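Model the full structure from these sequences, guided by the hints.
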Amino acid sequence: MASEYLKKLQADLGPVQRLEQIVEHAMCIGCGICQSIAGPDILKMELVENGNLRPVANDRLSHEMMDKILDICPGTRVDGLPPSEWNDSGIPDPVWGVLREVCYAWSAEPEVRHRAATGGLLTGLALYLIESGEVDFILHACASRDHPAFGERFISRSREEVLKGSGSRYGPTATVIDVVEVIEKAEASNETFAFIGTPCDVGALRNYARHDERVAKTCQYMMVMVCGGFMDPEGARTVLKKFDVEYDQVVSLRYRGYGCPGKTRIETEDGQVVEMNYLDYWGEEVSTWGLPPRCKVCPDGIGDSADIAAADTWDGGAPPWTGQEDDPGYNAAIVRTRRGTELMARAVAAGYVARGEAMSAAELNRVQPHQENKKRSVWARFQGLKEAGHIVPDTQGLRIRSLHEENDPAFNEHQRRGSRERAAQGKFSEATPRKGQDSG
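Numbering (this note's numbering), first residue to last: 2 to 441.
I should point out that these hints are in silico values taken from the structure, not numbers from a laboratory.
There are no misleading hints in this set.
Here are the simulated DSSO-like pairs of lysine-lysine, each with C-alpha atoms no more than 30 Å apart in a straight line:
no.	residue 1	residue 2
1	K45	K387
2	K165	K186
3	K243	K436
4	K387	K9
5	K186	K45
6	K436	K69
Quick caveat: nothing in here was measured; it's all calculated off a predicted structure.
Here it is, written out as structure tokens:
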């Protein structure tokens, strides 16, 4: 349950205040697991005044329930791959975790590969699972019907539905907002499913699995895209304004796809269509990405606890400025468990996924250098936040302390001091979540 560190930090707070503190200290990522645990009559994800999805609870939230949320929320607990899933994987790589197999991979269907965010690996695996009958449905995300810059939880039972969810979502997405109900219904119907989400989503589901044995029975696979974070609504408003697009007028926002990474395409209510290079939207430097604070101190952007993680494979970590429409796209398939290895083999044999050359952990560092940097930085960043009196997640099995001990002390001190100073400046703070006017 909740750690002694968090209990001490929250000793004098009521249950609702304890929940609010997670948001106020900028540790909430908006995944929705807390609503699924407590139930929407007690705690509900709302579009709050700052434009983000955040939990708003009433006084029926108990300390017992809040302790459970603290043990499951990926803002307060992040673990690596459960030891039961290690099988014969051996010693994990210090940065990349348990690696049974790493290789270039992509969807074997050219149309799917072109449409997908990178090479279509996760889409290809999802199509195989549905059309082979290995699972009954895929729980993942698609573009929100109400807020086009957001994503929303989606269940796919057909090829058409899987393809509807292909492509990246770089806005708030509560993928696990009703996952407990989904699991209950799956068990009652004797159905199984595969889950595809962010590392935070899978971390929340793994955390919940320690409390509910039905997860292991119903959820056959957990897969992620290696995640660099998302742009919060305020950042998106600022970027769109540069292109004379009003955020509230957007009816469709395709972040990438139709090439690798493909153009960002925006459509508005009045029929305006704006297309831009992927890096025109995001900016060339990580410092310009407008990430939420929680993403800047994420201890697991690589899907440490997933069966399979799919990553971009851009040399040096940056997408090309040219050749977007012609680049077919290649994922790095990071396979961590025996079930993941066996799934990859079956999907390749059935013609849904193509496997390329093997990759090393050093090559992963080359194509995902910001992930290596964050993994090495995060322990020091946590210490700076703690010094400022802020919540940080409890972690197990992520190697972040041992990586910290390998670093140059000057690097660690720079990271620690920087996060402490940003916290003192209010850059790791959010307003207490209050339901916004447009949340319904």
